[in-house]
Amino acid sequence: MSHAAPVTRRISTYLYRRPTLALALLLAPPLIWLGVVYLGSLFSLLVQSFFSLDGFTGQVVRQFTFSTYRDLFTRANVDIILRTSGMAASVTIAAAIAAFPIAYYMARYASPRKKALLYLAILLPLWSSYLVRVYSWKLILAKEGILNWVVTQLRLDGVLQWALTVPGIGGPSLSVSLLGMFIVFGYVWLPYMILPIEAALERVPESLIEASGDLGARPAETFRRVIFPLALPGVVAGSIFTFSLTLGDFIVPYVLGNSALFIGQAVLAHQGTAGNIPLAAAFTVVPMVIMAGYLMAARRAGAFDAL
Amino acid sequence: MSEGVAVELRRVTKIFGEVIALRDVSLEIKEGEFFSLLGPSGCGKTTSLRLIAGFDHPTSGRIELHGVEVSGLPPYERDVNTVFQDYALFPHMSVAQNVAYGLMIKRVPPHERAARVAEMLSLVQLPGLGDRRPAQLSGGQRQRVALARALVNHPRVLLLDEPLGALDLKLRQQMQLELKAIQQQVGITFVYVTHDQEEALTMSDRLGVFNAGRLEQVGTPAAVYEHPATDFVAGFVGVSNLVSGVTAAAITGSPETFTIRPEKILIRDAGTAVYDGMCAADGRIRDVVYLGAHTRYRVELAQGGELTVTQQNVEATSIDVQAARGRPVRLLWQRAHNRPVATRSRATQS
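These protein sequence lines are chains U and H, in that order. What the first sequence shows, in the numbering used here, is residues -3 to 303, in sequence order. What the second sequence shows, in the numbering used here, is residues 23 to 372, in sequence order.
Hint data in this document are derived by calculation from the structure and do not stem from the laboratory. Heads up, some of the hints might be wrong.
The list that follows gives simulated cross-link-like pairs (lysine to aspartate or glutamate, EDC-like), each with its CA atoms no further than 20 Å apart [as the list claims (entries may be wrong)]:
| no. | chain 1 | residue 1 | chain 2 | residue 2 |
| --- | --- | --- | --- | --- |
| 1 | H | Lys128 | U | Glu217 |
| 2 | H | Lys286 | H | Glu220 |
| 3 | H | Lys192 | H | Asp218 |
| 4 | U | Lys111 | U | Glu202 |
| 5 | H | Lys202 | H | Glu141 |
| 6 | H | Lys128 | U | Glu206 |
With the C-beta cut set under 7 Å, the calculated list includes, among others, these residues of chain H facing chain U [claimed, not checked]:
| no. | residue |
| --- | --- |
| 7 | Asn103 |
| 8 | Asp218 |
| 9 | Ala302 |
This structure is a prediction, so every number in the text was calculated from the model and none was measured. Note that CB positions come from ideal geometry on N, CA and C, so glycine has one too.
Could you put together the complete structure from these sequences and hints?
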């Protein structure tokens, strides 16, 4: 120990006696990054949305105005917002319904080995490129694709054809329809729903479930009154992922969509092709407002009471 | 107290994988009785309780509640309630909602529910705390809420799984008395799991001592303490000296194993006369532990082995007792206090 350089030793002792300084030194770099780069750009985005585009010169007029938001709430743009929110909401609900049984099995019944395998199976898709997975779904969902073949073998092709005729969500084939988009969104975001629900369920002690049964509640009632309320923070956390990821995504609508735009595509189009940065900024504010509203509603519904 | 049988286990065996948690246990608990299941951890006492509650089901044998077989029934079909070791209070509900849970499930109308919850909270001395969250309560208060939540349903049998285990000594002793008082007030059969022999002796009408999945002895506290059926019971319920083999032969003339309680033995000067009907053993005091009201001596016997002896410090001071170390002594006790015991549990363990 006597060979230790006295300078490093002195620094160690100095920091040991000033834990606040040590903490500040550790936290400063990430906080500066978060504050300046992330929040800063978010703020500049917000500011941009209150500027406007001069339609004649194509220049951004740096003057405070609500005119961009007036543009945002035109019929066509409101359609985009509603379509995207509707998709995000349905994907979230479907993902939650699909994720819950898997998460419940992992948290309550799976042996450590099975649990590790399931974790791997859930995380494995995330290791490959998102783009590759979306394009492979394009092939799966195509008219000549495997899904169509399976459906035909099961003699359910009539049902599929009927579903594709539904206006708004249908299309010539699953690979060019909102229905197909819904399937792919549900697939790509499912892991983000399973993991938080699993974590929440794992924190529910077995004895609470036993206590509910002991007090006379049948399993369905125990689920409704004890298990689900305690897993709700996990469901909300997962739905924040699925909801906001769907709201902001432009690749899935681009690959599987038709002419009906989604928010992500609108942002891309306005800030790239059209050069209308203010309107693009206003579009990106929409998901943030929706998410804030959603979180507030979840809080009022008591989703975080058990935290 | 009526003479009906509240809980009956008939030749119950429970196997978890390769572990035999209960071996062929038969047990009758009477209505209105405070019955303790006593034993070290892993002895099968909690397993028995969980089988009665319905959280687990016996591998073989039957369980009856008030004469009706319940072996295959789920917990929500049984008229018993449980106080859990970790209390298992619902964290997302207030204290009042926790206590009202069973009533709500049974569709008791809200106004009646509120009245019964308030009544129960005052019985467990927590009036006015109904709006708190469990997280805002102390350990002792949570324990009371757990008790109220179970009792409010007026179960015919209340199961308690080491309910005082997490409390400090003072509070535990206070709660022991309160629990006993509440049990006498409500007249419900209590089945109480504990590893604390003092607790079991203090509170129970009768108790059953478990060891390694077997029920070793059932009886009143006095009977179990004074007439332990096996060497295990003798050692677990109170402190006891187990004397066997050569040492036993030297003292009683027979190599049969017996136990003798430390407080029954007198320490006298070496060479003190031995009267009829008394046992004697010569030895040397090896260790002295001064415990305030009494002192515990360990005496190394001349014929091999050692005996633990406790003596009230009626006249002796701590200085006197410390000075006794190393002194040659003669130990005397009434032969009638010797308890022959079966060494069944030892034989099965080896």
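Going down the list of hints, with the structure as the test:
no., hint, in the structure
1, H:Lys128 with U:Glu217, "11 Å, holds"
2, H:Lys286 with H:Glu220, "18 Å, holds"
3, H:Lys192 with H:Asp218, "14 Å, holds"
4, U:Lys111 with U:Glu202, "17 Å, holds"
5, H:Lys202 with H:Glu141, "18 Å, holds"
6, H:Lys128 with U:Glu206, "17 Å, holds"
7, Asn103, "6 Å, holds"
8, Asp218, "21 Å, violated"
9, Ala302, "54 Å, violated"
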